[in-house]
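Using the sequences plus the hints, can you model the full thing?
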Amino acid sequence: MSKPLRIALTKGRLEKDTVGLLESLGFDCTEVHEKGRKLILSIPDANLEVVLAKAADVITYVDRGVCDMGVVGKDTIMEMPGKFFEIVN
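Numbering (numbering that gives the first Met the number 0) for the sequence shown: 0 to 88.
Some hints here could point you the wrong way.
Cross-link-like lysine-lysine pairs, in silico, PhoX-like; alpha carbons within 20 Å at most [as the list claims (entries may be wrong)]:
id	residue 1	residue 2
1	Lys82	Lys53
2	Lys15	Lys82
3	Lys37	Lys15
4	Lys15	Lys2
5	Lys10	Lys34
With beta-carbon atoms standing in for the labels, derived distance ranges [unchecked claim]:
id	residue 1	residue 2	range
6	Leu38	Arg12	12 to 22 Å
7	Pro80	Leu24	16 to 26 Å
8	Gly81	Glu33	26 to 36 Å
9	Asp16	Lys37	32 to 42 Å
In case anyone wonders, no lab produced these hints; they're calculated from the structure.
As the structure is a prediction and not an experimental result, all values here were calculated from the model.
No residue lacks a Cβ here, since even glycine has one placed at the ideal position from N, Cα and C.
Structural data, given as structure tokens:
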């Protein structure tokens, strides 16, 4: 099996919305819902890992290659230096 795709998320509304999207696609996000204090969570049937982080850290993790993509608010993108691709507005 190949290395899982890592998605960095901030805790809160964006986490809930993104996990809801994954569930609507048929993926089992039980581990994400039962996370406790864990910060790296598996969605095995999708070959995904969710990494929970602070908004500024999400951008750093993607920029440094720790995560393959991240979901943050537009305000975070506007505040951080660097080149980022805003896929969804």
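Hint by hint, here is what the structure shows:
1. The straight-line distance between the Cα atoms of Lys82 and Lys53 is roughly 19 Å, inside the 20 Å bound, and the hint therefore holds.
2. For the proposed pair Lys15 and Lys82, the alpha carbon gap of about 26 Å is over 20 Å, so the pair is violated.
3. For the hint linking Lys37 to Lys15, the alpha-carbon distance of about 16 Å falls within 20 Å, and the restraint holds.
4. Taking the CA atoms of Lys15 and Lys2, the gap is near 24 Å; set against the 20 Å cutoff, the hint is violated.
5. With a C-alpha separation of about 11 Å, the suggested pairing of Lys10 with Lys34 holds against the 20 Å cut-off.
6. Range check, Leu38 to Arg12: Cβ separation about 18 Å, and the 12 to 22 Å hint holds.
7. In this structure the hint that Pro80 and Leu24 lie 16 to 26 Å apart at CB is violated, the actual value being about 33 Å.
8. Distance hint for Gly81 and Glu33: a CB-CB separation of about 34 Å, consistent with the stated range 26 to 36 Å.
9. Between Asp16 and Lys37, the C-beta spacing of about 20 Å breaks the proposed range 32 to 42 Å.
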